[in-house]
Structure formats: C-alpha cells, structure tokens
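Protein chains in written order, with numbering that gives the first Met the number 0: chain A, 0 to 604; chain B, 0 to 76; chain C, 0 to 156.
If you're looking for bench data, these hints aren't it; they were derived computationally from the structure.
Do not rely on the hints blindly, as some may be mistaken.
Residues from chain C that keep clear of chain A, each with C-beta distances beyond 10 Å, as calculated [stated by the list, open to error]:
hint, residue
1, Ser9
2, Gly13
3, Leu15
4, Gln16
5, Met19
6, Ser22
7, Glu28
8, Asn30
9, Pro31
10, Ala32
11, His43
12, Gly44
13, Thr66
14, Pro126
15, Asp134
Derived DSSO-like pairs (lysine-lysine); straight-line CA-CA distance at most 30 Å [to be verified]:
hint, chain 1, residue 1, chain 2, residue 2
16, A, Lys235, B, Lys5
17, C, Lys89, A, Lys210
18, A, Lys47, A, Lys377
19, A, Lys148, C, Lys142
We put the CB at the ideal spot given by N, CA and C, even for glycine.
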Amino acid sequence: MSWQGNILRVNLSSGDIRSEPLNMEWANDYIGERGLGTKYLWESMDPKADPMGPDNVLIFATGPLTGTNASTSGRYAVITKGPLTGAIACSNSGGKFGAELKFAGFDLLLIEGRAEKPVYLLIEGDEISLQSADKLWGKTVWETDEWIKKTHHNPLLKIATIGVAGERGVRYASVVNDLHRAAGRSGVGTVMGSKNLKAIAVRGTQGVKVKDPKRFMEVTDEMKNLLAEHTGGLTKYGTNAMMDTMQEFGGLPTRNFQEVQFDGYDKVDAKAMLATDESGHTNLLTNKACFGCTIACGRIAHIRKDHFTIQNRKEYWHASGGLEYETAFAFGPVVGVDDIDACTFAGYLMNEHGMDPISFGVTLAAAMELYEMGVISKEETDGVELRFGNAEALTIMAEKTGKQEGFGEILGLGSKLMCEKYGHPELSMTVKGQEFAGYDSRALQGMGLGYATGNRGACHLKHDTFEVDMDDQTGAGKAEPCKTSQDWTAAVDSSGLCMFTMGAWGAPEFAAQLDADTEGEWTAERLIHCGERIWNLERMFNLAAGLTKADDTLPPRLLKDPAPSGTAKGKVNELDRMLPEYYDLRGWSEDGVPTEDTLGRLGLG
Amino acid sequence: MRVAVKVTGHLIDLCKVAHVDLEDGASIDVALSTLGIPSNQVGLVSVNGEAVSKAKRSVVLLKENDEMVVMAPLTGG
Amino acid sequence: MHRSLHMEPSLCTGCLQCEMACSFEHEGEFNPARSRIRVFEFEHGRTSVPYTCTQCVEAWCMRACPTGAIFIDNDLGAKLVSAQACVGCKACVSACPFGTIEFNPASGKVDKCDLCGGDPQCVKACPTDAITYLDAGATGIQKMAASAQQSSQGVTA
C-alpha cells in the first residue's frame, strides 16, 4: 500500500547489492522521504564521519505519495552528510526519477562505501547491477543521460547523475535527474562523486497501489480542484514572478548582499522572460511539469543564437531548463548582471555540469567583491575581470567551475572556504557554510531566523514566514511561525509531494490524501507531530556531528550593516532577539540542545 | 484624486492600470477594491516606499500623487 | 456520435496524469509502464506529445491477428482485444506502424487503448485539456478556425 515495501542497499566497497524490507515502524513515525531518509541516515552512520569519505551514507528516498496520482507526486529526497556544511544534507528534487524508483519496486536506495573505480547503478526491474562508468567519467550530465539510454537500448530509463563538478569535488555539486531537475544543494552530488558513483539509471514496471483506491481517487480529485484555484502565478510565470516583488519590497540581495535592490531586475525577471525582443526572440518557450504535477511551474527556455555565450557553440542552441527565481537571483542581482541570456546560459551550465546555482552565484559574488577590493588579482582569475555586472565573467566562471579549470577550482570551494583563504571570512554570505538564497534577512526577519536555524545551513525552503515577514519588518513574533512552519514543512517534504502545494493545502488536506493512501490513520495532528520529530532528529544529527549554537548565526553584514534601501531601510536582522525565543519554543536549552523532555515527547529519547 | 499604482508578480493579470482615481482620503482597502484586487491576494502594500501592514489597510489614507505598490505574496523557489 | 481522442501537444506539460489514469483504470494501480497512452518529450521538454492508438478503421493489428482476437466496437469505433482469444503472438505489435499496441509480459496478452468504454480517463485526468474527446469528424476544426482567422483577407481554395 503506497509503499513497495523494499529498500535497496548498495555497498560500493564490496559490490554487494541487496533488497531489504522497508522498516515500516520508521515509515510510520517519519512519514517518508525526508523524515524516513533522515532516520535511515541516523541509524546507518556516525555523524562525525568525513562527508567525502567512504563512511558517509547516501540515501535516495521517496515518500508514500510518490508515484500516485496525487498532484505533485514526483518528489524524492537525497539525504547524506553535506560536504559544504558538515551538517545533514537533505536535498529535494522532482522530475521523473523518484516515481520511477517506486515503479522499480524500491521505496529507498541506501548507498554505502566507495567504489574502487567509477561505476553506475543500473536498475531495470529486477535486473540490478553496478556497471563500469569508465566511459562516463568526465562526461557531462546530458552526455551521460544519452549514453546510458542508448547503450542499454532503453529510452525509458530515468537517470540521476553527477557532472564533472561532482567527480572533481566541487563542494556544492548537485545530482541532476531528467536533464534539468536537481537535488541541488549542500553538495549531495559531491558525495556521490566521492563514492565514484557516476549515475543511477532506473526503469520499473511495477505499479503503486493505495490503501483505499475509491476514496483516494475522490480525495485527490478534490485536492486537484482546490490546487487549481491557488497556484498564483506559478503556472504562467514560474517562481521568477517573485523578483519584482522582492525588488519593490527591498529584499533582493544585490552585489553580494551589499544592497537589497537591483536596478537591472526588470531585465531578468519573469516579465523579461516573456518579452519578445526586436529580433523576435522570446526567452521563455513553454512551461513544464514534474511527474504528477498539475501546477507545471517548470520553465523551458532558449538563448539567443547570436548571444556572445553561444554564437559559435551550436551545441547550446537547443531549449532547456529556464530561469527560476533562485537561478535568476544568483546570476542576476547578486552578481550585478542584467543580461538574461547570460543568466540563462549559466543556468544551462549548472544543469550540464551538475552544480547548485545558488551556491555558485553567491560564491562568485564574494569573489567579485574581493576582486573589486583588490584582494584577488586578474592573474589569479585567468585574466577575467571579476567585476560585478560583468556577464562574461559570470558565464566564463560558471563553465570553469563546472569543469574545474583555473580559477574555477577556487570558486568550487564555496564562499566560506574561499573567503577564509583570502582572509575575509566576513564576506562569505553563508550559514554553516551554505550560501543564502535570494531573500535578504534584513528585510525578511523570520527568514533570517529560518536561515540561521535551518538544519542544512542557509536554506529558504525549510520554513515559511513569508506572510508575517512581509507584513511586519521586525523580529517581533517571528519565532513561533518559524518553528511551526519548520515542523510543517518537514512533514510536507516527507510526503512525496511538492511544497508548492502549501498555498492551497494545509495539514488536513495532506492528511486526507495520506490517509487514503498508506497504512495507519493519518490526521493533521499526527503529521505535524511527525514533522517536529523529523526536525529534532536532524538537529540531533548535527549536534552529534559537532555543530553548536555558535553555528546558528548570520554573517556580520546582515547583523550589523543596515539595509540601504527599500521598505526595511535602516534595519539589520534581529536574530539576537528571535533566537532565544525560538530555542525556548522548541523545548531546547539555551545552548540549542533538545531537552530530555522534548526528546521524550517526540519518541527520540 | 489620482494615485499611481504598480503591481508585482502575477497581480499584473488582475490589474493592468498605472493610476487609479479615488475619492479624496480614500483608504488602501478602498483603493484595492476599486482596482478589483482582493485584499487576501496581496502580500504587502507600500505607499511612497513605506510598508503598510494588513491591519492598517483600512486606516491609512491616500493622498494625491501617492505611489502605491501592490505586491504579490511570496512563495519559495 | 463517434468520438476520437485529440492530442494537442502545445498544451501538454508532461505531467503524466494521463498515464496514471489509464493504468489505474485498467490495472487498478498507478503504473505508467502499463498505460496505453504515453507522453514523449523532445528537446529537453520543449515539446511533450501524448500519443496513443488512433483506432484505425482498417486496422493493421486486426488484419494481422491470426485468432481474430481484435475486433471493433461499432458504437465507439474502438478496436478492442479479446483476452480469451489473444495468444500473445505479438503479430499485431509488429504490424502496427505506430507502435501503439504493446505486449504485456505480466498478462501474456496485448494491451491497447480501448477508449475506456466511451469515458476515457486520460481526458478527465489531463489538467490542461491537452487531451480531449471530440466529434471524430471534426477533430481538426480548431486548427481550421485558426487558419481561417489568418485568412480574413481572402483565400483561394
């Protein structure tokens, strides 16, 4: 019911591959996907292990609703210890790969050890093997996808792969599936590369069944109708519809977070993607859905053929994934660039080479600031003028970093290690080593608390205080909505569905779908309780890995340099006010450690 | 009186005008309703660059030539 | 009225709800591998095209079948497969030029679109109307209307 009842355990050191029963007790306590993967991770490894060593464990986890006809049922998570942060890494992706794992009969993949030579995992129904990747090592994500399908005469294989960035240890390398969807953050691709695992290719022919088919079909139908009324601009504009809101609000991080508004925003926002230029070219071609999704926020775009980036490079003349908000922010405002084709091309490179656009963009921004200060020289940057606004610098460096050439090797460290190397750690806009997303927390205060306390480092997706943050640009009353939304988001991330349904569906709507789908009785309360449990388990992992309260902080720029403009002009982030309140609400000590009572209440004692 | 209007995000599909004519001393709520933008679909309104909280939308009164920005709610992404 | 499935790729987002609806209707589970309608993507998803049996009037599959297992439902115009008569020889799979009849290893028979008895589930499941169930004699009417609109200055026919 909803689950196939099996996990696949792969030991890359010994080559042993075996199917095991899914631990249903854990599935029932942790819902699935993020929660279930975290529990498996907790039980399978020492949190102190080297993230790039053989003792790190890499998990691909689906949810109970993955592969069903609930809308947005394509989600899966990649869970491991992150090389960028030294903390738990849980990266979520869509596309088709996750559902295909279910159809192949597996709820979760657990990968241990390290292969002696590069391999890829091939799952064709019950034929499962580790194949030599000697012909794939060094290939891009797109080449790998094509090669595997062709070699195995199976166009229906769904492929999750790393690019050269992951092979060569770029700290924020991603796992890309279905060509342009990704488990993007925290270096989950770096872990895969450190294990000499190039790709996972899967094809399945088993169905996913549900507990109460008649009720399930009725409920998912009803929920789809509800969702259709609440997608906002996602279908038509994609997430980049937010850029002009962030500009007007004054929270759009610009030039390495020195400013909060960018005068070139309207050249790289959703409207710019829809505009037709004088040559008749329009950036956006169409929208696209992940498996099961009735929102279809994905963008498919193309670059002007005469643009400097690709005019002599026909191999990039095809369409591919277009700008989302984060990619647009990371290649636009934060590096001061207003060239939509350059931003789109950099986005292509992120998918082709397998890197997190957010971390790359914010790392490049720090490098630009260091360059403009005279700390990094032109000799070191291979003759490239690393100035804010230089579109060529953006695209050249994106490619160098993907291929790990020249200065790309420095950029591949991530901004924390890079800024430390140059003696300016304060210019790294990160928390726990992971770069911020496109929301400045001097303007969005609760976002700052979420960034500071997020278990995987600076992350905008693990809490949701947008509504209260827009309404009130102070830190007052932000701790409670931050904590509540963190617990709730953990539950959503564990269900197999996409968080972009959260504008339409609350806990009762998720519970109704789960209750018809999987074993046990699922209520809103149970979901939220599981969410809190998941959050605390992630925290426990981090504490065991050696993180402390000192890591729940923000860079000096956000704590000390007031926002220079916008509705929050003059403000700094009020973390010192919000954090103690937050710890208290969480049932944690003043040092941010869950108390015995809290652990007991959550069954984690 | 005439007030300049700018909308962000997908609200562009609800409101395509750049000004709105209102009675003197109209509140933000009145302006939104005149423009046909449901208040619950608005993330934030600012007037001349200053944010106005939801609770104050019925109370803050607009003046001639004010610049009102009506912002869509934010989501993740 | 005879109806046909009509696919409009420009509206398709590749969500695969149709594949799930089809497999659920016929197999009671969500299993795109057993769907009789499939969505194909080209150029990194620039185009997504749902495709299925076009219910040929003079069907190659029917002609090729040695046991007469494929027959016409005259009300629907659908070509249906009789599981009792089907021996799984796959002659129809080879004969169909479009690839829309397929062998099912689990059942040992062949599967194809049967229009769900006149209530096609893929149509209901599609969130964008990329798949519709139209008057079989007028499936091109929208295209013709679009052309007519372009030709308002006059056309020589």
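A quick look at each hint next to the structure:
With a least beta-carbon separation of about 8 Å from chain A, Ser9 (chain C) fails to lie farther than 10 Å from that chain, contradicting its non-interface assignment. For Gly13 (chain C), the shortest C-beta to C-beta distance to chain A comes to about 5 Å, within the 10 Å cut-off, and the non-interface label is violated. Its closest Cβ contact with chain A, about 6 Å, brings Leu15 (chain C) to no more than 10 Å, contrary to its assignment away from the interface. For Gln16 (chain C), the condition that its CB be more than 10 Å from all CB atoms of chain A is violated, with the nearest at approximately 6 Å.
At the 10 Å boundary, the C-beta of Met19 (chain C) falls inside the reach of chain A, the nearest C-beta of that chain being 4 Å off. In this structure Ser22 (chain C) is not separated from chain A by more than 10 Å, as the shortest Cβ-Cβ distance comes to only about 6 Å. Residue-level check failed: Glu28 (chain C) sits 3 Å from the nearest beta carbon of chain A, not beyond 10 Å. Chain A draws Asn30 (chain C) into its interface by the beta-carbon criterion, the shortest separation being 3 Å against a cut-off of 10 Å.
Listed as a non-interface residue, Pro31 (chain C) fails to keep its Cβ farther than 10 Å from every Cβ of chain A; the least gap is roughly 7 Å. Non-interface status of Ala32 (chain C) relative to chain A is broken: a Cβ of that chain comes within 10 Å, the nearest being about 4 Å off. With a least beta-carbon separation of about 4 Å from chain A, His43 (chain C) fails to lie farther than 10 Å from that chain, contradicting its non-interface assignment. Separation of Gly44 (chain C) from chain A is inadequate, the least Cβ-Cβ distance of about 5 Å not exceeding the 10 Å criterion.
The Cβ of Thr66 (chain C) sits about 26 Å from the closest Cβ of chain A, beyond the 10 Å cut-off, so the non-interface label holds. In this structure Pro126 (chain C) is not separated from chain A by more than 10 Å, as the shortest Cβ-Cβ distance comes to only about 4 Å. The claim that Asp134 (chain C) lies off the interface holds: its Cβ sits roughly 26 Å from the closest Cβ of chain A, which is beyond the 10 Å cut-off. For the hint linking Lys235 (chain A) to Lys5 (chain B), the alpha-carbon distance of about 19 Å falls within 30 Å, and the restraint holds.
Distance hint between Lys89 (chain C) and Lys210 (chain A) is unfulfilled; the C-alpha atoms sit about 35 Å from each other, more than 30 Å. Distance check on the hinted pair: Lys47 (chain A) and Lys377 (chain A) sit about 39 Å apart at the alpha-carbon level, beyond 30 Å; violated. Simply put, Lys148 (chain A) and Lys142 (chain C) have alpha-carbon atoms about 36 Å apart, too far for the 30 Å limit, and the pair is violated.
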